[in-house]
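Visitor: Okay, here's what each chain looks like letter by letter:
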Amino acid sequence: MTLRKAAAIAGIGELKPMRQSDGRSALHLMAEAGRLAILDAGMTPGEVDGLLVAPPLQGVPVTFPSIVAEYLGLQPSYCDIVDLGGASGAGQVWRAAAAIQAGMCHTVLCLTGDAQDPQTFYQRGATVWGLPAPEFDRPYGPMGANSGYAMAASRHMALYGTTSRQLAKIAVDQRTNACANPDALFYGKPITVDDVLNSRLVVDPLHLLEIVMPCSGAAAVLVTSPERARQAPHPPVLLLGAGEKVTHAAPYYAPDLTCTGIAAAARQAFTMAGVTPQDIDLVSVYDCYTITVAITLEDAGFCAKGQAGPFVEEHDLTWKGDFPVNTHGGQLSFGQPGLAGGMSHVTEAVRQLRGEAHGRQVKNCELAYVNGNGGVLSEEVSLILARG
Amino acid sequence: MTTTEYQKPLPRPTVVSQPFWEAARQHRLVVQECRRCGHRQHYPRPFCVRCLGTELSWRECSGRGTVYAFTVVRQAASAAFAPDIPYVLATVELEEGPRLATNIVGCPPEAVRVGLPVQAVFEDVTPEATLIKFRPAS
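Here the protein sequences line up with chains Y and P, keeping their order. Counted the way the numbering used here counts, the first sequence spans residues 1 to 388. Counted the way the numbering used here counts, the second sequence spans residues 1001 to 1138.
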């Protein structure tokens, strides 16, 4: 069995990231993105018979998928929640394709979003008895995901000689991309490598400008059969391959903090697609921190293990460069609206493959590699998407 | 409540982890060892995650290990940690195999390196709770 060409993305919907949500709830924002995706596909709610939702970070009630379905006016034949942290969006796409291939439904709305409004903000990380993190990690003062990725970065630097200057180049090139994307949170605010290196050290070796900005927003994609996608107003984007790997939850217990599950996920996706990293025109990968991109480029096979530092120095990662990465600006410069941050790598790949990335279009973009990443390099989902 | 009361998160032991924390109170570091396959694991679980065997013993560790990865936290995780800034959060790999989350103490943050040999120290933070931290091995 394979998911190669089992489904296509026919519609996308994404809200412009906002620092706050102006009193709109996560559910409200997610519904707006869902509406846009259905409209983008030229469909009506009655034609959507599948729904996959990701949890907003404020937390979710029991039966959240049916709550979202009711709010959107959907009566799906397949309705579920996908919680792979930042990999949820990419994880939804292949699950939707699998459900379509299995005949359980034909058109699945995949939905992510979050609201940072102080009115709705829920203090995360509350102590929950009986879970490992509050008992074995939090007494020592970890700073959420920040300290986990900082540990990955410190180890990568120690093992491979990676430098802060090399990692900063990733943030700079992605900011250049954001400056070509009016929807990006940091549009119109170019930065230099020195700006990154001179920004405040938050968790050594990571500087403020290497750390993602949480915000509000939502993103959705509509996955359907290739036949239905061909009836939609936009060129279909085909799923060629998918792979997933979950290796741990907390960084202390990772089998290897710098050789991650991305390798297995990417290998499965490339094998299914029948293509290699050399065939890829666009890399659209999870970037909660600069180190995440570096490790992804290595583990996915775009460069050798430990060579991401020199690789990003030698290549132009901007939309007009020789190795375009995160052309929307990535989460670092586009914004991270909760788990919609991970979906933004999917929506940007769709825009580029359609040839609709106005002002930042990668030339002859036919094949994209997408990676979603959750936790601290914990949950990994790789997708290969192609112009249909 | 006095201002000297310990404000940081404390472990709330479960029926599975109680012996680990009780050992820490006695200034001993223990990890679970499977009597069937020999696998050692931290944190404690009700069974061996390699062979699923339920016969686990508590193996006394030397307290020696190396820094697997670390970071210097310069922005407090919560108000209670603010006075400690900057402090070192680390993953230490024990000589016996398992890794754990901890702090490196007893040296300036700049002295910490990946691969640094370290030795467990036991910090009695309250009469009921002892945290296991590490200092550079002498």
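Calculated directly from the structure, the hints in this document are not laboratory data. One thing to keep in mind: the hints can contain errors.
Far from chain P, some chain Y residues (derived; all Cβ distances over 10 Å) [claimed, not checked]:
#, residue
1, M18
2, Q101
3, D137
4, M143
5, R200
If you want the footprint, here are the derived chain Y segments under chain P, 3+ residues with CB under 8 Å [as the list claims (entries may be wrong)]:
#, segment
6, 220-228
7, 247-256
Here chain Y is said to cover these stretches of chain P; the calculated rule only asks that three of the stretch's residues, wherever they fall, bring their Cβ under 8 Å from a Cβ of chain Y [unchecked claim]:
#, segment
8, 1034-1040
9, 1106-1116
C-beta atoms are modelled at their ideal positions from N, C-alpha and C, and glycine is treated no differently.
Visitor: Are three or more residues of the segment 220-228 of chain Y within 8 Å, CB to CB, of chain P?
Guide: Violated - the segment 220-228 of chain Y has 0 residues with a Cβ nearer than 8 Å to chain P, which falls short of three.
Visitor: In terms of beta carbon proximity below 8 Å, does the segment 247-256 of chain Y have 3 or more residues touching chain P?
Guide: holds (count 4)
Visitor: Just double-check M18 (chain Y) for me: nearest Cβ-Cβ distance to chain P has to come out over 10 Å.
Guide: holds, 24 Å
Visitor: Is it the case that R200 (chain Y) keeps its Cβ farther than 10 Å from each residue Cβ in chain P?
Guide: violated, 8 Å
Visitor: Taking a Cβ-to-Cβ distance below 8 Å as contact, does the segment 1106-1116 of chain P have at least three residues touching chain Y?
Guide: holds (count 4)
Visitor: M143 (chain Y): least C-beta distance to chain P exceeds 10 Å?
Guide: At roughly 5 Å from the nearest Cβ of chain P, M143 (chain Y) sits no farther out than 10 Å, so the non-interface label is violated.
Visitor: Measuring Cβ to Cβ, find out whether Q101 (chain Y) lies farther than 10 Å from everything in chain P.
Guide: holds, 33 Å
Visitor: Report holds or violated for chain Y covering the segment 1034-1040 of chain P, Cβ cut-off 8 Å, minimum 3 residues.
Guide: With 0 residues closer than 8 Å to chain Y, the segment 1034-1040 of chain P misses the three-residue bar; violated.
Visitor: Is the nearest CB of chain P more than 10 Å from the CB of D137 (chain Y)?
Guide: Violated, since 4 Å does not exceed 10 Å.
Hint compliance for this structure: hints 3, 4, 5, 6, 8 are broken, all remaining hints hold.
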